[in-house]
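Respectively, the protein sequence lines represent chains Y and F. For the first sequence, the numbering used here begins at 1 and goes up steadily by one. For the second sequence, the numbering used here begins at 1001 and goes up steadily by one.
The reader is advised that the hints may include incorrect statements.
Below, computed lysine-lysine pairings styled on DSBU-like, alpha-carbon distance capped at 30 angstroms [to be verified]:
1) F:K1024 with Y:K99
2) F:K1024 with F:K1078
3) Y:K42 with F:K1024
4) Y:K68 with Y:K111
5) F:K1078 with Y:K42
6) Y:K42 with Y:K111
7) F:K1024 with F:K1068
8) Y:K42 with Y:K99
9) Y:K99 with Y:K1
10) F:K1068 with Y:K42
11) F:K1078 with Y:K111
12) F:K1068 with Y:K99
13) Y:K68 with Y:K1
14) F:K1078 with F:K1068
15) Y:K99 with F:K1078
16) Y:K1 with F:K1068
17) Y:K68 with Y:K99
Everything labelled a hint here was simulated from the structure, so no lab data went into it. Quick caveat: nothing in here was measured; it's all calculated off a predicted structure.
Listed here are the chains, written in short residue letters.
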Amino acid sequence: KQEVTQIPAALSVPEGENLVLNCSFTDSAIYNLQWFRQDPGKGLTSLLLIQSSQREQTSGRLNASLDKSSGRSTLYIAASQPGDSATYLCAVGEEYGNKLVFGAGTILRVKS
Amino acid sequence: DAGVIQSPRHEVTEMGQEVTLRCKPISGHDYLFWYRQTMMRGLELLIYFNNNVPIDDSGMPEDRFSAKMPNASFSTLKIQPSEPRDSAVYFCASSSWDRVSDQPQHFGDGTRLSIL
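From just these sequences and the hints, can you work out the full model?
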């Protein structure tokens, strides 16, 4: 059974810092990997989707990498801002990406 | 474009009552997913549909839970009878199939369910 772990569970940084969130998974036979953001009382917003054949994806200040063989992904956030404060969730996609297995998330706080 | 719409946003009811959660997916999306989020278990997939047909319901916790998708623009998740341990936030998500690249799932804002 696939298990997804995210480290750290919580992170507090001053504004402007670059930071890395980590995600690991136990079964490397994944279809894709997605990073989501969740704001309090809201649903999830997709940030980046990396297909199994890809190594990384970038969107603005966000960069996500995938190393399928080692079961790891990282989300890099450059020049963090208070508006980046949220919970970040990693999810691995199985069954053509339709079954998502989520990690517990990293709660990020960016202090101004 | 309207996103995934869920109703109600909040529901408080007594144990034993029937609860019905509703979802309107994004127009044109052919996949619909129901998730449950709790502090203890995180976010779990309950069931998903493709073209209104249930594909995988292995995440549905008990027979008290049922889901239907009578048409492409509406789905329900029903709990009967409800129990306090069903208290959670229930999310609906939808996505489309694309032959070129994977498409992300789009989530609604959820229904916060409290069973007293």
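Exercise. Has the given pair, K1068 of chain F with K42 of chain Y, been kept, meaning a C-alpha gap of at most 30 angstroms?
Worked result: With Cα atoms ~24 angstroms apart, K1068 of chain F and K42 of chain Y stay inside 30 angstroms; holds.
Problem set entry | Satisfaction of hint between K99 of chain Y and K42 of chain Y, Cα-Cα up to 30 angstroms | OK: K42 of chain Y and K99 of chain Y at ~21 angstroms, within 30 angstroms.
Exercise. Within 30 angstroms, alpha carbon to alpha carbon, are K42 of chain Y and K111 of chain Y?
Worked result: holds, 21 angstroms
For this session: Compare the distance between the alpha carbons of K1024 of chain F and K1078 of chain F with 30 angstroms, and conclude whether the hinted pair is satisfied.
Result: holds, 15 angstroms
For this session: Measure nothing beyond the straight line between the CA atoms of K1 of chain Y and K1068 of chain F; if it is 30 angstroms or shorter, mark the hint as holding.
Result: holds, 27 angstroms
For this session: Decide if the proposed pair is consistent with the structure: K99 of chain Y and K1 of chain Y, CA atoms, cutoff 30 angstroms inclusive.
Result: holds, 12 angstroms
Exercise. Does the alpha-carbon distance linking K99 of chain Y and K1078 of chain F stay inside the 30 angstroms limit?
Worked result: At roughly 21 angstroms apart (the allowed maximum being 30 angstroms), K1078 of chain F and K99 of chain Y satisfy the hint.
Exercise. Between K1024 of chain F and K99 of chain Y, does the CA-CA distance stay at or below 30 angstroms?
Worked result: Holds, because 20 angstroms separates the two Cα atoms, which is no more than 30 angstroms.
For this session: For the pair supplied as a hint, K42 of chain Y and K1024 of chain F, confirm whether the alpha-carbon distance does not exceed 30 angstroms.
Result: Since the Cα atoms of K42 of chain Y and K1024 of chain F sit roughly 16 angstroms apart, the hinted pair holds (cutoff 30 angstroms).
For this session: For the pair supplied as a hint, K1024 of chain F and K1068 of chain F, confirm whether the alpha-carbon distance does not exceed 30 angstroms.
Result: Holds, because 12 angstroms separates the two Cα atoms, which is no more than 30 angstroms.
Problem set entry | Distance restraint between K1078 of chain F and K111 of chain Y, which requires alpha-carbon spacing of 30 angstroms or less | violated, 42 angstroms
Exercise. Regarding the pair K1078 of chain F and K42 of chain Y, is the alpha-carbon distance no greater than 30 angstroms?
Worked result: holds, 22 angstroms
Violated hints for the displayed structure, listed by number in ascending order: 4, 11.
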